[in-house]
Amino acid sequence: MNVNQHTHTGPPYGQPQPGYQGYQQPAYGGQPLPGGPHTQYGAYNGLMPGYQQPVPSQGYFPSLGFPSKGSPVSLSSDTSLAPNFIASGTSLPSGHLGYSQFVQGDVQNGIPTLTAPMQRPPVPEPFPPGSAPAPVIQPSTFQQYGPPPSTVQQLSNHMAGMTIGRTSASPPPAAGSGYGPPVPGPPVSATGSGLRIPYTASQGPSPPPSVSQGLPLAQPPFSGQPVPTQRLPTEVPGFVPPPPSTGIGPSSYPPTTGAPRPPPMAGPPLPGQTVPGAPMPQPNQVPPPSTLSGPPMRGLHGPPPPTHPPQPGYQMQQNGSFGQVRGPQPNYGGAYPGTPNYGSQPGPPPKRLDPDSIPSPQLNELPPQQKPRHRIDPDAIPSPIQVIEDDRNNRGSEPFVTGVRGQVPPLVTTNFLVKDQGNASPRYIRCTSYNIPCTSDMAKQSQVPLAAVIKPLATLPPEETLPYLVDHGESGPVRCNRCKAYMCPFMQFIEGGRRFQCCFCSCVTEVPAHYFQHLDHTGKRVDYYDRPELSLGSYEFLATVDYCKNNKFPSPPAFIFMIDVSYNAVKSGLVRLICEELKSILDYLPREGNMEESAIRVGFVTYNKVLHFYNVKSSLAQPQMLVVSDVADMFVPLLDGFLVNVNESRTVIASLLEQIPEMFADTRETETVFGPVIQAGLEALKAAECAGKLFIFHTSLPIAEAPGKLKNRDDKKLINTDKEKTLFQPQTSFYSNLAKDCVAQGCCVDLFLFPNQYLDVATLGVVTYQTGGSIYKYAYFQLETDQERFLNDLRRDVQKEVGFDAVMRVRTSTGIRATDFFGAFYMSNTTDVEMAGLDCDKTITVEFKHDDKLSEDSGALLQCALLYTSCAGQRRLRIHNLSLNCCTQLADLYRNCETDTLINYLAKYAYRGVLNSPVKAVRDSLVNQCAQILACYRKNCASPSSAGQLILPECMKLLPVYLNCVLKSDVLQPGPEVRTDDRAYIRQLVTSMDVAETNVFFYPRLLPLTKADVDSDSLPAAIRNSEERLSKGDIYLLENGLNIFVWVGVNVQQGLIQNLFGVSSFSQISNTLSTLPVLENPFSKKVRSIIDMLHLQRSRYMKLIIVKQEDKLEMLFKHFLVEDKSLTGGASYVDFLCHMHKEIRQLLS
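Residue numbers (this note's numbering): 1 to 1149.
Check before you lean on any hint, since a few could be wrong.
As the list claims (entries may be wrong) - Just the calculated beta-carbon pair ranges, DEER-fashion: (1) N712 <-> H472: 53 to 59 angstroms; (2) M1093 <-> G496: 52 to 58 angstroms; (3) R912 <-> N712: 22 to 28 angstroms.
Keep in mind the hints are simulated off the structure, nothing from the lab.
Where is the CB? At the ideal position from N, CA and C, for every residue including glycine.
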């Protein structure tokens, strides 16, 4: 049996369905990736004065995106397993010397023992479902000059001697070229622990074709030198950084001439330094000549490093630490030239300077010659772009088949097809981990939150089948007698099919006579494939009258359009725009699959300080207006003729929409009400005995005398104080009580806001938020720039699939239970999530806690049941089932996590936290929890290594960069220009976002438009979110789900500017454009098609903002370059990684 293949311990539902034969099940073994690195990166610190340049590295593979850790073992391929050492007495061929300091395996000596299954397989391996692939025979020897075997590369970063462990699987390319000029000198004599040399055999000593920019080719340093077997650890425990003057930015070493030396420090000798007494040649480095340039360093006395006897081989790390050698990151130029790191010395870690406490200087504060030199090379830390790219390449081509329990799906950024074979599609449910701890103690120890992000009505791509609708007639769906779970693929039929045992609570229930069916020889019902509820993860039941309010079937829902006609709304042209749009939009109301027209009825209200209702009955020649001025006691003045069928009343409605802008054209009324508007809509739906949705178009703070009147309480002085939380809380309980009434009636509220000043979104949004509605905000609305965005949002909002009067419950198998919920909904008890409306974009995030032990054999099950009324008035149940693995080893938990989902949960948790806690406390608790997650991994799953190393689990290596983005977001760290309303708006928006939306919201997508291939349909390869990745001669697009920025560099060619903007020079580009001009040339067409493609992927129409380099808008654009230091004091990615490392070390010590 292949060690990388999970045995399928779940019930036998993973068999392919008849229609799905021939799909290859993904295997879990790593498959080698084609390609290798092309460029070589220099190291990150300037050369210490008086030091000899080290021998150039031959076995160092740069541009790893993230230094590798552990041996890459490719179990699916035929390559033999090359041990990561060279036996005593063998000699390396010329040109094959590895630079041992870049190598850190988890295996000290000998061939690694394989214990860890790899997750996220690079290439699916074909084998029939249910059968295990044949084991791969690993030969015990390897050929000295054969094809390159799978070896490991580890890059030692000077994060104060910090290396980042990482994993993956692919064979290294031929030995990389060295960097720096060749250094003549005696051969390295290895003392102490000796050299560790990675075996990077290529045929013969010829240098590889590509060398990094600006670095001369190195001569092969040795020919046929014998090499001892023992290896040094990678980390540099004895490395004491000199006192940095500028911090973590550029190298802080003193210049070579005319500078005083650093003060004396106690500790072991630095590499390249001679210790008084017997001379000690340094491993991995040419011994320095007897004279050093500059005065000798004093005060650095310390014992020579101890010699280590060979240690028995450690087992391979269980994080799947098989090092994958990465090619250069897509679209990046060469690296920062610099000098190589020095050899490492074993020994007790001395007192050390902490680089983490020193802030990094801003790029623009540095002298020009220092700018490209970083303390830590940004290319050597985990790259989101690289991870996304790898997942697309490895998992985008094969369908994701859901038949196996606990499979981690491809990333949300990967385009993939789903084949439902018993578990819900990841489009409906994504989990933070697909392998959950068996005990609560283990869960507490790891601190990994166990949560699921559920999107019950998610839209599927056209190639995937919508959930089947199952009608069991008057008896309704078959359910467990005790826990009321619905029939699903995990129920076990017994006694010849006459009873079934519940997979959630183990209770045995009689099978109703009409539902009985015989079992086959495997114990499966013979109608298994004919019934969606027995073979699929997601399906719908038609609900019976018992599932309806007041035991009667619901009427079709209604839409009520409520338009603010105060002075601001009329003057800006908004009222006329809305009325024009409604004429056409009413033909696109949502309808069931094959219905000719929508069953939804519509009504119209206008308001300022009073409310105007309109009678649009089809028998009338002209619409009638009825005014209610007693806003303190709201009622609906008419029943018949208020809610009508669009087709029947078409001419009356058209006449009304023509008249409204004219009627209020000369209004002088500036004050508005808001509470009574919602009350009016609610009363209208009550009178019609139906559920529905209010579309409210509102412009100003409701200060008119009426229920729900608000005062302006905006106060920037509260930021960073204990009272800051009040800015996120509603200023009155009126709207919370109103929301409760709306939910009871199934009245959902969608709010379109057009503020020119403070509007108190935190209070106005309460009803929207608790009824499951959506808020759209257009600050300083201007017809010419915002019209397109508003109309697109309105069209989509009216047309999208929505369920009314919804109740959702999540059931779990014994051992865990749902304890906490996040999203736009209302809860009147601890188990039921109630929503007046639930659309296809909304998610509910559920957190689980242990209430008992779980078992590895049976795993854990979730069942999400959503009861709702469809837009045709049909009562339905939508069921999603998911089975997860359970583990007794922490390593299995860490190997099956999903960082994107984890960040989605953590952001929602933090954004709820600001309602009750100071923002600083929320930020600190986020950092602390993530440090605990990573420290627990380091302590329990990683193989022993120095504290100077930062080791991240493969699945969580992007946790620090994404977490830093959450911490720097406007809600948790606002700049002075961020408005209070914006923070409240973003807070509510993120709370019901799905995983794909939070992914791009916190780490925006940055595309180089000038690199786009005008002849292909694909997007250009994304680049990392940092200013240093931008070139003055290019045009870039950045999108975050709410905005699209097009950044134009000052040196962009005139032809490109002409082709894209239709003007002849950079200075003529207008930054007030809201759309790009339609020009007939390939570049213009390509860029506009990219923007259209991005709009289709997002639930909101993104605002286009043109940013010229060095323009005032560039500050806003730079706010989204999230890997850089932010103006509000947010750390850069490099600094934050150092900070996390420091936190982890404190926890471990």
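Results of checking the hints against the structure:
Checked against the hint of 53 to 59 angstroms, the pair N712 and H472 passes, with Cβ atoms roughly 56 angstroms apart. M1093 and G496 have their C-beta atoms about 55 angstroms apart, which keeps the hinted 52 to 58 angstroms range intact. A beta carbon spacing of about 25 angstroms between R912 and N712 agrees with the range 22 to 28 angstroms that was offered as a hint.
In summary, the structure agrees with every hint in the numbered list given earlier.
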